[in-house]
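Undergrad: Take a look at the letters that make up each chain.
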Amino acid sequence: MLVVENLCVALSHRPVLRNVSLTARPGTLTAIVGPNGSGKTTLMRAMTGEVRYQGKVALNGLDVARAKAWQLAAIRAVMAQETQLAFPFTVLEVVRLGLGMGESTASHDLPQRALAEVGLLHHTSRNYQDLSGGERQRVQLARALVQVWTPLGDGGARWLFLDEPVASLDLGHQLQVMRLARRFADAGGGVVAVMHDLNLSAMFADRMALLADGALRAAGTPHAVLTDTLLSAAYGCPIRTNALPSHGTWLLPQAVAS
Amino acid sequence: MLALALRRGQAASGARAAMALRGLVVLLLGISLVSLGTGAAGLRLDDLFHAALTGELTPRDQVILFSIRLPRLAMGVLIGAALAVSGALMQGLFRNPLADPGIVGVGAGAGLGAVLAIVLGGALPTAIAVHFGGHLVPVAAFLGGWSATLLLYRLATRGGQTSVATMLLAGIALGALAGALTGIMVYLADDRQLRDLTFWSMGSLAGAGWGKIATALPLILPVLLAAPLLARGLNALALGEAQAAHLGVEVERLKRLIILGVAAATGAAVAVAGGIGFIGIVVPHLLRISTGPNHRYLLPNAALLGASLLVGADMIARSIVAPAELPIGIVTAVLGAPVFLWILMRRKGLVGL
Numbered sequence: 620m621l622v623v624e625n626l627c628v629a630l631s632h633r634p635v636l637r638n639v640s641l642t643a644r645p646g647t648l649t650a651i652v653g654p655n656g657s658g659k660t661t662l663m664r665a666m667t668g669e670v671r672y673q674g675k676v677a678l679n680g681l682d683v684a685r686a687k688a689w690q691l692a693a694i695r696a697v698m699a700q701e702t703q704l705a706f707p708f709t710v711l712e713v714v715r716l717g718l719g720m721g722e723s724t725a726s727h728d729l730p731q732r733a734l735a736e737v738g739l740l741h742h743t744s745r746n747y748q749d750l751s752g753g754e755r756q757r758v759q760l761a762r763a764l765v766q767v768w769t770p771l772g773d774g775g776a777r778w779l780f781l782d783e784p785v786a787s788l789d790l791g792h793q794l795q796v797m798r799l800a801r802r803f804a805d806a807g808g809g810v811v812a813v814m815h816d817l818n819l820s821a822m823f824a825d826r827m828a829l830l831a832d833g834a835l836r837a838a839g840t841p842h843a844v845l846t847d848t849l850l851s852a853a854y855g856c857p858i859r860t861n862a863l864p865s866h867g868t869w870l871l872p873q874a875v876a877s
Numbered sequence: 347m348l349a350l351a352l353r354r355g356q357a358a359s360g361a362r363a364a365m366a367l368r369g370l371v372v373l374l375l376g377i378s379l380v381s382l383g384t385g386a387a388g389l390r391l392d393d394l395f396h397a398a399l400t401g402e403l404t405p406r407d408q409v410i411l412f413s414i415r416l417p418r419l420a421m422g423v424l425i426g427a428a429l430a431v432s433g434a435l436m437q438g439l440f441r442n443p444l445a446d447p448g449i450v451g452v453g454a455g456a457g458l459g460a461v462l463a464i465v466l467g468g469a470l471p472t473a474i475a476v477h478f479g480g481h482l483v484p485v486a487a488f489l490g491g492w493s494a495t496l497l498l499y500r501l502a503t504r505g506g507q508t509s510v511a512t513m514l515l516a517g518i519a520l521g522a523l524a525g526a527l528t529g530i531m532v533y534l535a536d537d538r539q540l541r542d543l544t545f546w547s548m549g550s551l552a553g554a555g556w557g558k559i560a561t562a563l564p565l566i567l568p569v570l571l572a573a574p575l576l577a578r579g580l581n582a583l584a585l586g587e588a589q590a591a592h593l594g595v596e597v598e599r600l601k602r603l604i605i606l607g608v609a610a611a612t613g614a615a616v617a618v619a620g621g622i623g624f625i626g627i628v629v630p631h632l633l634r635i636s637t638g639p640n641h642r643y644l645l646p647n648a649a650l651l652g653a654s655l656l657v658g659a660d661m662i663a664r665s666i667v668a669p670a671e672l673p674i675g676i677v678t679a680v681l682g683a684p685v686f687l688w689i690l691m692r693r694k695g696l697v698g699l
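Heads up: the sequence lines are chains A and B, in that order. Numbers 620 to 877, taken from the numbering used here, label the letters of the first sequence in order. Numbers 347 to 699, taken from the numbering used here, label the letters of the second sequence in order.
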């Protein structure tokens, strides 16, 4: 269980998030959406313990502000928007970083399986720095998966925090990555993802949280959040949503004639 | 450290790096043997083999072997390993292949300490001067290097978080200040002192003895032994500090350990052997190109290659103009710089930082 209560974050003395409260359950995929600068990434960074905040963030009952790095690493993995690698590690070496301290000497096939899941198994010995942006993103996803793939012994859920996991991916790989996140949630894990694409969010998320100007404007099922009024107000432009009976909600942004 | 790395090496995927480790052990043993049989005194390797078989060694040769060549070899191994491992640690910490221990102020601080001792040492009250004896310069160099690092570390740390970028910038400023103070001392120095400090700045293993080794060993050995334990953290750090923390690395503690460890090891190395350049940058870089950047192998391999190179360079330094000696810093630069350039030119395209 992820619990966020009255979260406030200020960066360089400027308030970026105000009184955000939300919860997420294991077994679900929560999409955080909102316009640029609405505080999505800051919310992600607060929930993963990367920035200081006021209020409360608890993951599986563990206070994120006070937890040790290894305690958090044992229950959740984080995939950042972009990762710069300092040295020319191979793809497999990067994915192996997701293995824990004790696991790194064990000769199991978790990294290979994760690379197979993201369609990069034939790239294991390539230099990470030679990969395209989309390939790097999938390598990072594989690394995050490796960190939390096997369920915890005590039955507690493990979590994936993804910051724009499909940002530089083509359509086919967007679907591949979202299906992977969906399967992780269906297997009992929790997924929290910052998303830009509202249609993809509608297709794969159980719950959505809509941020605008650092405040939570709506949270609930995609059907409840993706309404014409909420989206038009949050994004500052007229937006019309549509629904297909078989596929849930989809959107049609309407251009404004100025 | 070796056994640990070997055991891990068999299980993990870096078969090439693990093989390089064995090769480097052989290289170091070979160079060490040749080094023991090289010198101005004419005691050669076949004399040593003969002595080993018969158990006969003249008293003169015993002195040469056990009081001159063996401590000198041990010091070369110790300092070469310390410089190379410190370089690899710094490059991992700063996520930059150009970083070297000088970045944390050790070099500038140690240099200032040594120059102060050389120039102003004569003005010390006799009681104190006698107490330090010949150790005044190394002690001052170590204290200078260590306090410069602590100062820099304090400057770059706010609220328990150390900014490596601030450290880099403050290090440049502090280095310039130490350089200016050193300049004042050089200006004040007389001819004999000028000669002393010029030679100190070029480094030398001359005058190596078991006493100096006993001083440097407690500062260098713990860093060499502990370095492989930091390998996972350093590998994770390549993804950035935030990502490393998400992977479970206690980043602040890791930074503190590396900075203080490097200050101790490099400070001790500079104190007993003066300024020896190039080992800290060339050795890790060579290894990264040939066997990859994984610190699990990079750190033990750097220790072995650094030790081999410095012992080899020392052999050249003391035989090329025998019975005189070249400062070893000249040899490492004359050999290291072209090799480094050749490697850079040979690579396709430009090296990305």
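It should be emphasised that the hints constitute simulated quantities derived from the structure, not laboratory data. Check the hints yourself; a few may be wrong.
[What the hints assert, rightly or not] Computed Cβ-Cβ distance ranges for the label pairs, DEER-style:
| id | chain 1 | residue 1 | chain 2 | residue 2 | range |
| --- | --- | --- | --- | --- | --- |
| 1 | A | Gly839 | B | Met365 | 55 to 65 Å |
| 2 | A | Ala629 | B | Val680 | 53 to 63 Å |
| 3 | B | Pro568 | A | Ser744 | 46 to 56 Å |
| 4 | B | His481 | A | Ser751 | 56 to 66 Å |
| 5 | A | Ala786 | B | Leu515 | 25 to 35 Å |
| 6 | B | Leu515 | A | Gly791 | 41 to 51 Å |
| 7 | A | Arg671 | B | Ile666 | 54 to 64 Å |
[As the list claims (entries may be wrong)] Counterexamples of contact, computed for chain A against chain B with all Cβ distances above 10 Å:
| id | residue |
| --- | --- |
| 8 | His792 |
| 9 | Asn818 |
| 10 | Tyr854 |
Every residue, glycine too, gets a C-beta built ideally from N, C-alpha and C.
Undergrad: Hint by hint, say whether it matches the structure.
TA: Going down the list of hints, with the structure as the test:
1. Gly839(A) - Met365(B): 55 to 65 Å: The hint (55 to 65 Å, Cβ to Cβ) holds, given that glycine 839(A) and methionine 365(B) are roughly 58 Å apart.
2. Ala629(A) - Val680(B): 53 to 63 Å: Hint holds: Cβ distance 56 Å, inside 53 to 63 Å.
3. Pro568(B) - Ser744(A): 46 to 56 Å: This hint is violated: roughly 36 Å between Cβ atoms.
4. His481(B) - Ser751(A): 56 to 66 Å: Since histidine 481(B) and serine 751(A) have Cβ atoms about 58 Å apart, the given range 56 to 66 Å holds.
5. Ala786(A) - Leu515(B): 25 to 35 Å: 32 Å, holds
6. Leu515(B) - Gly791(A): 41 to 51 Å: 45 Å, holds
7. Arg671(A) - Ile666(B): 54 to 64 Å: With a Cβ separation near 59 Å, arginine 671(A) and isoleucine 666(B) satisfy 54 to 64 Å, so the hint holds.
8. His792: 21 Å, holds
9. Asn818: Consistent with the label, asparagine 818(A) stays out of reach of chain B, its closest Cβ about 29 Å off (over 10 Å).
10. Tyr854: 29 Å, holds
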